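full-length UniProt numbering applies: residue 1 is where the sequence shown begins, and numbers increase by one.
One should not assume that every hint holds.
Here are the computed lysine to aspartate or glutamate pairs in the EDC-like style, where the Cα-Cα straight-line distance is at most 16 angstroms [said to hold, decoys possible]: (1) Lys4 x Glu111; (2) Lys36 x Asp63; (3) Lys98 x Glu202; (4) Lys373 x Glu397; (5) Lys185 x Glu310.
None of these hints come from the bench; they were simulated from the model. The model shown is predicted, which means the values in this text are computed figures rather than measured ones.
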Amino acid sequence: CQRKQWRVGLPATSVVITFHNEARSALLRTVVSVLKKSPPHLIKEIILVDDYSNDPFLCLAEDGALLGKIEKVRVLRNDRREGLMRSRVRGADAAQAKVLTFLDSHCECNERWLEPLLERVAEDRTRVVSPIIDVINMDNFQYVGASADLKGVTAGFDWNLVFKWDYMTPEQRRARQGNPVAPIKTPMIAGGLFVMDKSYFEELGKYDMMMDVWGGENLEISFRVWQCGGSLEIIPCSRVGHVFRKQHPYTFPGGSGTVFARNTRRAAEVWMDEYKNFYYAAVPSARNVPYGKFSVGIPIRCKPFKWYLENVYPELSLNTPRAFCNESHISNMQGTNCLDTLGHFADGVVGVYECHNAGGNQEWALTKDKSVKHMDLCLTVVDRTPGSLIKLQGCRENDSRQKWEQIEGNSKLRHVGSNLCLDSRTAKSGGLSVEVCGPALSQQWKFSLNLQQ
1 CQRKQWRVGL PATSVVITFH NEARSALLRT VVSVLKKSPP HLIKEIILVD
51 DYSNDPFLCL AEDGALLGKI EKVRVLRNDR REGLMRSRVR GADAAQAKVL
101 TFLDSHCECN ERWLEPLLER VAEDRTRVVS PIIDVINMDN FQYVGASADL
151 KGVTAGFDWN LVFKWDYMTP EQRRARQGNP VAPIKTPMIA GGLFVMDKSY
201 FEELGKYDMM MDVWGGENLE ISFRVWQCGG SLEIIPCSRV GHVFRKQHPY
251 TFPGGSGTVF ARNTRRAAEV WMDEYKNFYY AAVPSARNVP YGKFSVGIPI
301 RCKPFKWYLE NVYPELSLNT PRAFCNESHI SNMQGTNCLD TLGHFADGVV
351 GVYECHNAGG NQEWALTKDK SVKHMDLCLT VVDRTPGSLI KLQGCRENDS
401 RQKWEQIEGN SKLRHVGSNL CLDSRTAKSG GLSVEVCGPA LSQQWKFSLN
451 LQQ
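Using the sequences and the hints, build the whole thing.
Below is the structure:
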């Protein structure tokens, strides 16, 4: 990436950042990194949309005036709480550049992050492009570069309509060996950070303006782009850090769970045709969530969801989603570490790493057929003797080596075939193992979600 020459004459962009009660240190870090890490001629303006912040420790009028004194910064303030989607649309409507860059308010742009994104959009105005997202530790703000293996990962979702990272197929990985930094076609984007042509954003109908606050908008914009003639890409040569919080730092009118369910159901009802029934099978309670009327901003349907599944996301299994439970991270009660793939693939060992609550290598599902699953890989006991290391292997139905059950109040994971328990005592020396079940803290695990409902 450092040796790559980007085309000259790239279009300037308007950077739209929305925020609500964001810590000023985080917001300023975002703004300053945009200005310092971008060629000046490529930043037309930075539009800050204050979504009705009500922080009692800030004089909001004075604060807005101070923010507006920063070079190229404009501040817009909502007179009521509008949420991410409507706030972004307000910022986009005010933008003067031909290209829009949407960023969250707690980011740090890296060196030469912008040029690779603008180049792809300049070549094709229907491309919507996103950077590789690195992690900024929420406790000490340390910048942690994402694994190089992310160059072999795309973004997707499960039938719960929950965002997840997908490993590329072996065929896709082989095809990229000659150019590992080539743009990655992706069915989905994370939603917080992306670049697109302003006129194309308007042609698509912008965001669904009936979605509230936060959640589900990445699904909706991804479906909208793909099904209406565009494409989504992750650009490996562009990297932006992001603070992944353990919980929402502000309140949601109506509660975060209800708002997310409402927005997600709207995306399913509008874009998924008969395949929305897979979502309802996975999340039966969603049928009881009111989702409002459809706004005039939703364009005439372009391609059906069946086309999307066949041409964009054929890797999404059409097996009944009843087989799957919610995804979570699995933390060890011995400390603050979580079950982690450590970036390993098939036949690799698993270990523990400091919990970061960002999914990725720490995202797991305990399925109803008793597999502990990370994407398409399952925890596998190859040798059913105490002290044997656990391996990641491709999930296989009815493979007894991959069957686990929660015992003792869901505090332990016991391998069904050997009656041995998942243990972290050997994590530092080689990886997780199975051991004779006992009271040791190294055998006690906690799921971030209750997976047995």
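Do the hints match the structure? See the list:
1. Of the pairs offered as hints, the one joining Lys4 and Glu111 holds, with about 13 angstroms between alpha carbons and a cut-off of 16 angstroms not exceeded.
2. Under the criterion of a C-alpha separation no larger than 16 angstroms, the hint pairing Lys36 with Asp63 is inconsistent with the structure, at around 22 angstroms.
3. Proposed proximity of Lys98 and Glu202 is supported: the alpha carbons are some 11 angstroms apart, at most 16 angstroms.
4. Between Lys373 and Glu397 the alpha-carbon distance is near 12 angstroms, which keeps this suggested pair within the 16 angstroms criterion.
5. Of the pairs offered as hints, the one joining Lys185 and Glu310 holds, with about 14 angstroms between alpha carbons and a cut-off of 16 angstroms not exceeded.
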